[in-house]
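Keeping the supplied structure of chain V fixed, place chain R upon it in accordance with the hints.
Order-wise, the sequence lines are chains V and R. The opening position of the first sequence corresponds to residue 0 in numbering that gives the first Met the number 0, with each subsequent residue numbered one higher. The opening position of the second sequence corresponds to residue 0 in numbering that gives the first Met the number 0, with each subsequent residue numbered one higher.
Keep in mind the hints are simulated off the structure, nothing from the lab. Treat the numbers as computed from the prediction; the structure is a model and nothing was measured. Incorrect hints may appear among the rest.
The list makes no distinction among identical chains, and a pair is therefore deemed to hold if it is satisfied within one copy or across any two copies.
DSS-like cross-link-like pairs, simulated, lysine-lysine; straight-line CA separation at most 27 angstroms [claimed, not checked]:
| id | residue 1 | residue 2 |
| --- | --- | --- |
| 1 | 86 | 6 |
| 2 | 341 | 154 |
| 3 | 337 | 275 |
| 4 | 86 | 18 |
| 5 | 363 | 193 |
| 6 | 119 | 341 |
| 7 | 363 | 154 |
| 8 | 6 | 363 |
| 9 | 119 | 154 |
| 10 | 337 | 260 |
| 11 | 337 | 154 |
| 12 | 341 | 193 |
| 13 | 275 | 260 |
Protein chains: 2
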Amino acid sequence: MILNLIKVHRLISRAQLSKLSKMSATSISRIIAELINEGLVRETGQTSSGVGRQAVLLELNPSAIFTIGVEIDREIIKAAIFDFSAKSITEIHQSTAVNNSDPNEAVDQICSLILSLIEKTANEAARYCSVGIGLPGVINSDEGVSLFSAQMNWKNIQLKSLVEERLGIPVYIDNDQKVKALAEYSYGSAQNSKSTLFIGIGSGVGSVLMVNGNVFRGGSNSAGEIGHTTIDPNGILCECGRRGCLQTYIADWALIQEANKLSPTQNIDQLFEASKTESWASSIINRAVMYCGMMISNAVCMYNPDSVIVSGSLVESYPELITMIEEQCNKFVWEPYKDTFKIYSSELGGSANLIGASVLATNKYLEQ
Amino acid sequence: MILNLIKVHRLISRAQLSKLSKMSATSISRIIAELINEGLVRETGQTSSGVGRQAVLLELNPSAIFTIGVEIDREIIKAAIFDFSAKSITEIHQSTAVNNSDPNEAVDQICSLILSLIEKTANEAARYCSVGIGLPGVINSDEGVSLFSAQMNWKNIQLKSLVEERLGIPVYIDNDQKVKALAEYSYGSAQNSKSTLFIGIGSGVGSVLMVNGNVFRGGSNSAGEIGHTTIDPNGILCECGRRGCLQTYIADWALIQEANKLSPTQNIDQLFEASKTESWASSIINRAVMYCGMMISNAVCMYNPDSVIVSGSLVESYPELITMIEEQCNKFVWEPYKDTFKIYSSELGGSANLIGASVLATNKYLEQ
Chain V
0 MILNLIKVHR LISRAQLSKL SKMSATSISR IIAELINEGL VRETGQTSSG
50 VGRQAVLLEL NPSAIFTIGV EIDREIIKAA IFDFSAKSIT EIHQSTAVNN
100 SDPNEAVDQI CSLILSLIEK TANEAARYCS VGIGLPGVIN SDEGVSLFSA
150 QMNWKNIQLK SLVEERLGIP VYIDNDQKVK ALAEYSYGSA QNSKSTLFIG
200 IGSGVGSVLM VNGNVFRGGS NSAGEIGHTT IDPNGILCEC GRRGCLQTYI
250 ADWALIQEAN KLSPTQNIDQ LFEASKTESW ASSIINRAVM YCGMMISNAV
300 CMYNPDSVIV SGSLVESYPE LITMIEEQCN KFVWEPYKDT FKIYSSELGG
350 SANLIGASVL ATNKYLEQ
Chain R
0 MILNLIKVHR LISRAQLSKL SKMSATSISR IIAELINEGL VRETGQTSSG
50 VGRQAVLLEL NPSAIFTIGV EIDREIIKAA IFDFSAKSIT EIHQSTAVNN
100 SDPNEAVDQI CSLILSLIEK TANEAARYCS VGIGLPGVIN SDEGVSLFSA
150 QMNWKNIQLK SLVEERLGIP VYIDNDQKVK ALAEYSYGSA QNSKSTLFIG
200 IGSGVGSVLM VNGNVFRGGS NSAGEIGHTT IDPNGILCEC GRRGCLQTYI
250 ADWALIQEAN KLSPTQNIDQ LFEASKTESW ASSIINRAVM YCGMMISNAV
300 CMYNPDSVIV SGSLVESYPE LITMIEEQCN KFVWEPYKDT FKIYSSELGG
350 SANLIGASVL ATNKYLEQ
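So that you can see chain V by itself, here it is in the shape it has in the complex (with noise of 0.2 angstroms):
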């Protein structure tokens, strides 16, 4: 608990301490010591403003403790080592065919790349507490279980205690957009942010809601679809199966899927660069991004953040699309929520995803 106050504060006095943990002076001065001489915290040549006898601030020392971050995706693992303030020390990417293979070797891979990222750091002293793992699809947080992602063909693997076996380290999973949402909060977009709206736009949409740093996750962790809301019951065929979903209007394939109806066109960079000459091609990102000032509009309606971070590979690959969305979304929202939220774009980008795995780690290491 002292620690996560510590990190909370950034820097702090032992008489800040003992006021806010609700603890006795001598208390604080006994752990303060213990966390001193395990080298887990340091004093700053900082002292305390205002007035009284002035103190000396305390600080994290972030290279005292580590955390390990995991992406799985499709087609490719990457791992990082971060330090206490989520600075990445060293970094491992493999290209390797996740959704083709039996998910223990994913497992194995993992472990193998966290082992050799270790190796490489090469600090004997080095303490590495915790293993957050970020990857698409449905999972169970709590039991760190991977119960269905499409993405990668798994259906319930038990993705934490796998790797726990195997490492000794406790191991933390949650979902991609849950732990990049984490990451945007923690250290990019979304700082201070007490309702914060993060959505995805890419292979698919989906969005998730945090409410004073916790992730919303509804009944049954499933909160957030946007995507697969439906705004016309007569629309086009959705890869769910229904018809008129939201991501029907956005998601990559679907644009790909109208673009191949007036020309051969195999992936978003050819809509883009035809857009440039074609009006039929800058006809269909224009109503994307309609649908995606609409999408915005509508999640405010019903979540009413203060803060909407646009996310995923479309606004990444292209980040004029940001404006544009925004003027679209001016167009939709209701007066009574204007000037409520503002729009960011993702700040930490394509290593959101990294980061958020060792906050995830740090945050649940804290928690202990």
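Just chain R, lined up with the frame of chain V:
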């Protein structure tokens, strides 16, 4: 705090109170003695089960403290005295054009209604701890201000302090849909639900999400405006000035507008009467029912509730709609959400607002 624990547990022993409150047995005995002396708590005949010495169970004395619930709408003010178990003791209704008169007049009427109620109960020993008021519109519940109500033509009315000044009893106010949801959670359809979605369908369409008994308010207390999510950017003009809001398919005025394209229709009852013989009328109703089902499915995607309560004048007048809406919802709902939630009709119906206002008053009193 002790009163609150007794209220939540209904029947509880001193030993359990001591354990839950982390206070010593001596302190608990002293506090309970005071509360019994003041008549707020009483010993029941029952004793605790389980191993160990049998302990006398305590309960709140429901008729020791009373709260007053008030409901205000366009053309009516209702007030009722409730005992601590939310049983209505006396109730009074007054028709009055709240929407066409000076808000100060409404405040005068509320206060004289309450005073006449207190007189009627003729119980000199009765203590009135607080007043709760549920009213339509945008409310700042922390400061007790009716910020904006189209229904009553109010803007920035300091309702809490105006009533408190005249009565000398603490007053708490909240939006009518929110107090209704609170009533259903506390005494109606949603008891023991962890995440409840309350949907009201009538002249407007709105929703309230309750998470563990607390209203989810969003960043500026405006979450849940599902009726103003856009379904069709080129749709029918909504009363909010935008096009294609979900409520333009569902709200009573929208159905009457549609009906009048074919046959003069004054109100929703005439439409339902016509639907017995006229296919155009039943087609209007069936479409509205379909959109209600779609709306619930969409809300489930966003909030992932474990229970959904469908309420409001439309389903209260025509309860057969609930089954029809449920059938439609089943057609829309995405596979992963099947069996994660249940749809209920409002158990408290027209009394929900008054009961909820009283629950608000009780909760605020116990929070002190």
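Hint by hint, here is what the structure shows:
Taking the shortest Cα distances, residue 86 and residue 6 sit within 27 angstroms of each other inside one copy (14 angstroms), while across copies they are farther apart (49 angstroms). In the homo-oligomer, the alpha carbons of residue 341 and residue 154 lie at most 27 angstroms apart only across protomers (26 angstroms), although the nearest pairing inside one protomer, at 38 angstroms, exceeds that limit. For the identical chains of this complex, residue 337 and residue 275 are neighbours neither inside a copy (33 angstroms) nor across copies (44 angstroms), given an alpha-carbon limit of 27 angstroms. For a Cα distance limit of 27 angstroms, the shortest separation of residue 86 from residue 18 qualifies neither inside one copy, at 30 angstroms, nor across copies, at 44 angstroms.
Within a single copy, residue 363 and residue 193 get their C-alpha atoms as close as 21 angstroms, and across copies as close as 24 angstroms, so both meet the 27 angstroms cut-off. For a Cα distance limit of 27 angstroms, the shortest separation of residue 119 from residue 341 qualifies neither inside one copy, at 42 angstroms, nor across copies, at 53 angstroms. Taking the shortest Cα distances, residue 363 and residue 154 sit within 27 angstroms of each other inside one copy (25 angstroms), while across copies they are farther apart (46 angstroms). For the identical chains of this complex, residue 6 and residue 363 are intra-copy neighbours only, at 13 angstroms inside a copy versus 34 angstroms across copies, given an alpha-carbon limit of 27 angstroms.
Taking the closest pair of Cα atoms, residue 119 and residue 154 never come within 27 angstroms of each other, the shortest separation being 33 angstroms inside a single copy and 65 angstroms across copies. In the homo-oligomer, the alpha carbons of residue 337 and residue 260 never lie at most 27 angstroms apart, since the shortest distance is 38 angstroms inside one protomer and 34 angstroms across protomers. Taking the closest pair of Cα atoms, residue 337 and residue 154 come within 27 angstroms of each other only across two copies (18 angstroms); inside a single copy the shortest separation is 43 angstroms, beyond that limit. In this assembly of identical chains, residue 341 and residue 193 lie within 27 angstroms of each other by CA distance solely inside one copy; the values are 12 angstroms within and 30 angstroms between copies.
In the homo-oligomer, the alpha carbons of residue 275 and residue 260 lie at most 27 angstroms apart inside one protomer (18 angstroms), although the nearest pairing across protomers, at 46 angstroms, exceeds that limit.
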